[in-house]
Amino acid sequence: MLVLFIIGSLSISAQDTPNDAGGSITLGFSYTAPFVSGEVMRKEDGGEFEKIATVSPSDTHWIDNSAKDGVKYYYQLILTTEEGVVTSEPVSAVSSPQWFHRGRTVMLIMVILICGLILFFIRQARGGKELYIRRIAGLEAVDDAVGRATELGRPVMFIAGIMDIDDLQTIAGLTILRRVAKKTAEYEAQVLMPTSRSLVMTAAQETVKEAYYDAGRPDIFNPDNVFYLTDDQFGFAAGCDGLMVREKPGAIFLMGSFYAESLILAETGHSVGAIQIAGTAMPSQLPFFVTACDYTLIGEEFFAASAYLSKDPLQLGSLKGQDWGKAIFLALILIGAVLSTFGITVVKDLLMVQ
Amino acid sequence: MLDKLLKTDRRIIFAILAVVVIIAILFPVGLAIQVSEPARRLYREIESLAPGSYVFLSFDYDPASMAELDPMALSVIRQCFREDLKIVSLGLWPQGVLLGEANLEKAAEEYGKEYGVDFVNLGYKTGGIVVISGISTDLRNVFPQDYTGRDIDELPILNGIDNLEPFKLVVTFSAGDPGVRHWVMIAQARYGKKVGCGSTAVQAPAFYPYLQSGQLVGLVGGMKGAAEYEQLIKLPGLATAGMDAQSFAHAVIVFFIVFGNAIFFLKKRSNSR
Amino acid sequence: MKRQIPLIITSIVGVVMVVQYFIPRQPFAGLFDTFNRWFLIIAVFALLLGLMNLVRLHVQKLRRRKEGWGYSIILLCGLVATILTGAVWGIGTGSPFDYIFVNMQQPMGATMFALLAFFIASASFRAFRARNVDATLLLIAAVVVMLGRVPIGSLIWNKLPTVAEWIMFYPNMAGQRAIMIGIALGTVSYSLRVILGIERTYLGGE
Numbered sequence: 005m006l007v008l009f010i011i012g013s014l015s016i017s018a019q020d021t022p023n024d025a026g027g028s029i030t031l032g033f034s035y036t037a038p039f040v041s042g043e044v045m046r047k048e049d050g051g052e053f054e055k056i057a058t059v060s061p062s063d064t065h066w067i068d069n070s071a072k073d074g075v076k077y078y079y080q081l082i083l084t085t086e087e088g089v090v091t092s093e094p095v096s097a098v099s100s101p102q103w104f105h106r107g108r109t110v111m112l113i114m115v116i117l118i119c120g121l122i123l124f125f126i127r128q129a130r131g132g133k134e135l136y137i138r139r140i141a142g143l144e145a146v147d148d149a150v151g152r153a154t155e156l157g158r159p160v161m162f163i164a165g166i167m168d169i170d171d172l173q174t175i176a177g178l179t180i181l182r183r184v185a186k187k188t189a190e191y192e193a194q195v196l197m198p199t200s201r202s203l204v205m206t207a208a209q210e211t212v213k214e215a216y217y218d219a220g221r222p223d224i225f226n227p228d229n230v231f232y233l234t235d236d237q238f239g240f241a242a243g244c245d246g247l248m249v250r251e252k253p254g255a256i257f258l259m260g261s262f263y264a265e266s267l268i269l270a271e272t273g274h275s276v277g278a279i280q281i282a283g284t285a286m287p288s289q290l291p292f293f294v295t296a297c298d299y300t301l302i303g304e305e306f307f308a309a310s311a312y313l314s315k316d317p318l319q320l321g322s323l324k325g326q327d328w329g330k331a332i333f334l335a336l337i338l339i340g341a342v343l344s345t346f347g348i349t350v351v352k353d354l355l356m357v358q
Numbered sequence: 013m014l015d016k017l018l019k020t021d022r023r024i025i026f027a028i029l030a031v032v033v034i035i036a037i038l039f040p041v042g043l044a045i046q047v048s049e050p051a052r053r054l055y056r057e058i059e060s061l062a063p064g065s066y067v068f069l070s071f072d073y074d075p076a077s078m079a080e081l082d083p084m085a086l087s088v089i090r091q092c093f094r095e096d097l098k099i100v101s102l103g104l105w106p107q108g109v110l111l112g113e114a115n116l117e118k119a120a121e122e123y124g125k126e127y128g129v130d131f132v133n134l135g136y137k138t139g140g141i142v143v144i145s146g147i148s149t150d151l152r153n154v155f156p157q158d159y160t161g162r163d164i165d166e167l168p169i170l171n172g173i174d175n176l177e178p179f180k181l182v183v184t185f186s187a188g189d190p191g192v193r194h195w196v197m198i199a200q201a202r203y204g205k206k207v208g209c210g211s212t213a214v215q216a217p218a219f220y221p222y223l224q225s226g227q228l229v230g231l232v233g234g235m236k237g238a239a240e241y242e243q244l245i246k247l248p249g250l251a252t253a254g255m256d257a258q259s260f261a262h263a264v265i266v267f268f269i270v271f272g273n274a275i276f277f278l279k280k281r282s283n284s285r
Numbered sequence: 041m042k043r044q045i046p047l048i049i050t051s052i053v054g055v056v057m058v059v060q061y062f063i064p065r066q067p068f069a070g071l072f073d074t075f076n077r078w079f080l081i082i083a084v085f086a087l088l089l090g091l092m093n094l095v096r097l098h099v100q101k102l103r104r105r106k107e108g109w110g111y112s113i114i115l116l117c118g119l120v121a122t123i124l125t126g127a128v129w130g131i132g133t134g135s136p137f138d139y140i141f142v143n144m145q146q147p148m149g150a151t152m153f154a155l156l157a158f159f160i161a162s163a164s165f166r167a168f169r170a171r172n173v174d175a176t177l178l179l180i181a182a183v184v185v186m187l188g189r190v191p192i193g194s195l196i197w198n199k200l201p202t203v204a205e206w207i208m209f210y211p212n213m214a215g216q217r218a219i220m221i222g223i224a225l226g227t228v229s230y231s232l233r234v235i236l237g238i239e240r241t242y243l244g245g246e
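Protein chains in written order, with this note's numbering: chain A, 5 to 358; chain B, 13 to 285; chain C, 41 to 246.
Quick caveat, the hints were computed from the structure, so don't treat them as lab data.
It is possible that some hints are incorrect.
To be verified - Here are the computed lysine to aspartate or glutamate pairs in the DMTMM-like style, where the Cα-Cα straight-line distance is at most 20 Å:
{"#": "1", "chain 1": "A", "residue 1": "Lys72", "chain 2": "A", "residue 2": "Asp20"}
{"#": "2", "chain 1": "B", "residue 1": "Lys206", "chain 2": "B", "residue 2": "Glu95"}
{"#": "3", "chain 1": "B", "residue 1": "Lys125", "chain 2": "B", "residue 2": "Glu113"}
{"#": "4", "chain 1": "C", "residue 1": "Lys106", "chain 2": "A", "residue 2": "Asp20"}
{"#": "5", "chain 1": "C", "residue 1": "Lys199", "chain 2": "B", "residue 2": "Glu49"}
{"#": "6", "chain 1": "B", "residue 1": "Lys180", "chain 2": "A", "residue 2": "Glu210"}
{"#": "7", "chain 1": "A", "residue 1": "Lys47", "chain 2": "A", "residue 2": "Glu93"}
{"#": "8", "chain 1": "B", "residue 1": "Lys137", "chain 2": "C", "residue 2": "Glu107"}
{"#": "9", "chain 1": "B", "residue 1": "Lys137", "chain 2": "A", "residue 2": "Glu93"}
{"#": "10", "chain 1": "B", "residue 1": "Lys246", "chain 2": "B", "residue 2": "Glu49"}
{"#": "11", "chain 1": "A", "residue 1": "Lys72", "chain 2": "B", "residue 2": "Asp174"}
{"#": "12", "chain 1": "C", "residue 1": "Lys42", "chain 2": "A", "residue 2": "Glu210"}
{"#": "13", "chain 1": "A", "residue 1": "Lys55", "chain 2": "A", "residue 2": "Glu93"}
Unchecked claim - Quick partial rundown of chain C residues pointing at chain A, CB under 7 Å, derived from the structure:
{"#": "14", "residue": "Pro64"}
{"#": "15", "residue": "Met144"}
{"#": "16", "residue": "Pro147"}
{"#": "17", "residue": "Gly149"}
{"#": "18", "residue": "Met152"}
{"#": "19", "residue": "Ala163"}
To be verified - For each label pair, taking beta carbons as the anchor points, the in silico distance ranges come out as:
{"#": "20", "chain 1": "B", "residue 1": "Arg94", "chain 2": "C", "residue 2": "Val99", "range": "46 to 56 Å"}
{"#": "21", "chain 1": "A", "residue 1": "Leu117", "chain 2": "B", "residue 2": "Arg162", "range": "51 to 61 Å"}
{"#": "22", "chain 1": "A", "residue 1": "Asn23", "chain 2": "C", "residue 2": "Ile114", "range": "52 to 62 Å"}
{"#": "23", "chain 1": "C", "residue 1": "Arg171", "chain 2": "A", "residue 2": "Phe346", "range": "38 to 48 Å"}
{"#": "24", "chain 1": "A", "residue 1": "Lys352", "chain 2": "B", "residue 2": "Asp96", "range": "36 to 46 Å"}
{"#": "25", "chain 1": "A", "residue 1": "Arg138", "chain 2": "B", "residue 2": "Gly64", "range": "54 to 64 Å"}
{"#": "26", "chain 1": "C", "residue 1": "Thr74", "chain 2": "A", "residue 2": "Asn23", "range": "15 to 25 Å"}
{"#": "27", "chain 1": "B", "residue 1": "Tyr123", "chain 2": "A", "residue 2": "Ser60", "range": "19 to 29 Å"}
{"#": "28", "chain 1": "B", "residue 1": "Asn171", "chain 2": "A", "residue 2": "Leu117", "range": "30 to 40 Å"}
{"#": "29", "chain 1": "B", "residue 1": "Ser225", "chain 2": "C", "residue 2": "Pro46", "range": "36 to 46 Å"}
{"#": "30", "chain 1": "C", "residue 1": "Pro46", "chain 2": "B", "residue 2": "Pro248", "range": "55 to 65 Å"}
{"#": "31", "chain 1": "B", "residue 1": "Phe267", "chain 2": "C", "residue 2": "Ala154", "range": "19 to 29 Å"}
{"#": "32", "chain 1": "A", "residue 1": "Phe346", "chain 2": "C", "residue 2": "Leu80", "range": "45 to 55 Å"}
None of these values were measured; they are calculated from a predicted model.
Glycine included, C-beta positions come from ideal geometry on N, C-alpha and C.
One chain only, chain A, in its complex shape (with noise of 0.2 Å):
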């Protein structure tokens, strides 16, 4: 009769946790057969080996996070198979903490070459020099916007999404707050501004006032306009709705971050006949606001609004810097797509970051 035992063979490696702040040691390790469990035992120089975890067949590394930087740790694994119980040779190893990221390398390549455009094209825009954008209906409408509020005698309302002062888009939509209260100021009209968190009512109220304040009508500044509802994300639509119902503003601003009560108060904008223009940064809402809204700012249209309305050389030079980003990318995506499409990966490669 012929017996056969398999025999495996047990690999073991200790290293450093790569691009970490120290404290950790991987433990990797394969055995080539079977096995029930397994046992992971550590020590230190004079010491004994001491069982720290225990690892499952599925498991092909562990980290040890209790490891204390620049000491020397001993390692061992042992394997329980169906056989007996398979050692390791003992391998050692030294936490330290890194200085710097390595996989985050193609990262910073990309943050200074971005950077480095923008700063470029700003300083080129503060030379002097022209520089084109191209016309963004949704921000062309603003003024007519206003315009065509105060004409039916209707209130101007915006929203700035419902997410908190330190959301991009939040302070993105403040910038285009300024602007409109500035216009309403100087037509004579009020903005009415519910929000959803506290921090963003103390910001737009102070947007608000130092608008009417330039437009030359701190008189008819109400600071009342500018109010806190609720946190809710749906107490908020409904809040507004009621708002927009009740008050029947002539034009409504919904510019900022939006979840799933885009199209709520999109919808109830368009039934009380107010002409909405909308922006944000949320691809999964952009349909809504496309469908219900008069003007619709996507992505980073919403991103340079600023530059847009202020017509700042500085502001439209860091625009361009972005395009000459964007073509960079368009140029790796089409290389990567090719080369990838012949089994070439080392643009995919090249870019992977952790």
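Given the structure of chain A, go ahead and fit chains B and C onto it with the hints provided.
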């Protein structure tokens, strides 16, 4: 006449839609549900886990989204209990904890699972991405107690569990932010954990790129996805019951689109004459 | 000075947040979480501001008997009741707070979300017109995906779900990715303008 039809009062549309949905709910037809690949991928991922493996569930939604996310959360919990997986859960949204707890308790009763041994609910902590980052390295520091106020050192399920390392899979049921993006950004990208998600139908298209790149191991989108998952675990529930209503609602919307276009073309033709 | 200090803080913090992404060791590694925690603490205190603003406006409305003052009573009573029940009896299962949450908050939230179905119907009827080639393509894709992603689609044509899935996986994903790349670049450019102090309207000035 054509103008009037083109400008049909939306309340008529609402009324017709409401009647159709009510009839479909009261008199279900039982339309067959085809399971999509993204939902199947998550199912297969959980099926591949060995008994006793740890799974992290995150309930990142509120009552507004519970019609879509509750059924899929319950189905995933049922599958985990059926496969004898250990569940540790939390909520990045405050109401998500209560909704998740209700599902955990329901499934635990069905499968005879014990709190503290087979599953635990850590509760809610404000911070979103900060919480994920915190539990990835030191879970006990972020959650010294569980949802009921018990010291987590007293809970057998958390013996030896200090961070996300032992967890084979993270599944987030997400209706917005904080949610899928943050779990992918931290748990998947930084710590290499496998992340699956259930999301509302509105958000699901935005997560297909993550699915295709492998950053998500599976995606259950909307009530349809929840119904698909109920099919996969062979336990039809609320989502399956709602699919008839959703089907007919979609059909009504498509009818109105076609109707609107037909009137539009008729008007165009009569104007050109 | 009122404007200079916030700009300096913004610039320093902005640069530090970018740099910390590339340096894994402490103290840089913990900066992201630290700053986020600081923001959360500020935001929680700011909640009081919002609450005070809300209460003040509605009390004012009540005092002056402005239109709709009855609803202000409901709001204020609801606010007080929820805070009191939560503070006195806790928020656990079976508590009065839990009752309010399950029987009022939950159904109201779900109702508002359910409105979307009706609004989608009216928006689709109004907006999906085959005015030109682009609009026609949009219309066809919308119809295919709407029908293909529900069981009724496979009854109409058994390949419809596959076509709908193809639209989601290819054209939809290509469009999503393109928009995401544009948004990412717009974010970088806008952030740089904020960090450099070129963009300062969010501070309330030009």
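Quick rundown of the hints versus the structure:
1. As the CA atoms of Lys72/A and Asp20/A are separated by approximately 11 Å, the hinted pair is consistent with the 20 Å bound.
2. Under the criterion of a C-alpha separation no larger than 20 Å, the hint pairing Lys206/B with Glu95/B is consistent with the structure, at around 18 Å.
3. Restraint check for Lys125/B and Glu113/B: the C-alpha separation of about 13 Å stays at or below 20 Å, so the hint holds.
4. Restraint check for Lys106/C and Asp20/A: not satisfied, since their Cα atoms lie roughly 69 Å apart, outside the 20 Å limit.
5. Note on Lys199/C and Glu49/B: the hinted pairing holds, with a Cα-Cα distance of about 15 Å set against a maximum of 20 Å.
6. For the hint linking Lys180/B to Glu210/A, the alpha-carbon distance of about 49 Å lies beyond 20 Å, and the restraint is violated.
7. For the given pair, Lys47/A sits about 13 Å from Glu93/A by alpha-carbon distance, which is consistent with the 20 Å threshold.
8. Under the criterion of a C-alpha separation no larger than 20 Å, the hint pairing Lys137/B with Glu107/C is inconsistent with the structure, at around 40 Å.
9. Restraint check for Lys137/B and Glu93/A: not satisfied, since their Cα atoms lie roughly 44 Å apart, outside the 20 Å limit.
10. For the suggested pair Lys246/B and Glu49/B, the alpha carbons sit about 17 Å apart, so the restraint of at most 20 Å is met.
11. Straight-line distance between C-alpha atoms of Lys72/A and Asp174/B comes to about 17 Å, which keeps the hinted pair within the 20 Å bound.
12. With a CA separation close to 13 Å, the supplied pair Lys42/C and Glu210/A stays within the 20 Å bound.
13. Under the criterion of a C-alpha separation no larger than 20 Å, the hint pairing Lys55/A with Glu93/A is consistent with the structure, at around 15 Å.
14. Restraint check, Pro64/C versus chain A: the minimum CB separation of about 5 Å is within 7 Å; hint holds.
15. The beta carbon of Met144/C comes no nearer than 11 Å to any beta carbon in chain A, farther than 7 Å, and the hint placing it at the interface is violated.
16. With its C-beta approaching chain A no nearer than about 11 Å, Pro147/C sits outside the 7 Å limit, and its interface hint is violated.
17. At its closest, the beta carbon of Gly149/C sits 5 Å from a beta carbon of chain A; the interface hint therefore holds under the 7 Å criterion.
18. The closest approach between the C-beta of Met152/C and any C-beta of chain A is roughly 4 Å, which is under the 7 Å cut-off, so the hint is satisfied.
19. Below 7 Å, beta-carbon pairs count as interface contacts, and Ala163/C has one with chain A at about 5 Å; its hint therefore holds.
20. Here the CB-CB span from Arg94/B to Val99/C is close to 55 Å, well matched to the stated 46 to 56 Å.
21. For Leu117/A and Arg162/B, the hinted distance range of 51 to 61 Å is satisfied, since their beta carbons lie about 52 Å from each other.
22. Here the CB-CB span from Asn23/A to Ile114/C is close to 55 Å, well matched to the stated 52 to 62 Å.
23. Range check, Arg171/C to Phe346/A: about 41 Å between beta-carbon atoms, so the 38 to 48 Å window is met.
24. Separated by about 39 Å at the C-beta atoms, Lys352/A and Asp96/B satisfy the suggested range of 36 to 46 Å.
25. The given range of 54 to 64 Å is respected by Arg138/A and Gly64/B, whose C-beta atoms sit roughly 60 Å from each other.
26. Checked against the hint of 15 to 25 Å, the pair Thr74/C and Asn23/A passes, with Cβ atoms roughly 20 Å apart.
27. Roughly 23 Å separates the CB atoms of Tyr123/B and Ser60/A, a value that falls within the hinted 19 to 29 Å.
28. Checking the proposed 30 to 40 Å range against Asn171/B and Leu117/A shows it is violated: the Cβ atoms sit about 49 Å from each other.
29. Under the hint 36 to 46 Å, the C-beta atoms of Ser225/B and Pro46/C, about 39 Å apart, fit the expected range.
30. Between Pro46/C and Pro248/B, the C-beta spacing of about 57 Å keeps the proposed range 55 to 65 Å intact.
31. For Phe267/B and Ala154/C, the Cβ-Cβ distance of about 20 Å falls inside the hinted range of 19 to 29 Å, so the restraint holds.
32. Separation of Phe346/A from Leu80/C is about 49 Å and conforms to the stated range, judged on CB atoms against 45 to 55 Å.
Comparing the model with each numbered hint stated earlier shows that hints 4, 6, 8, 9, 15, 16 and 28 do not hold.
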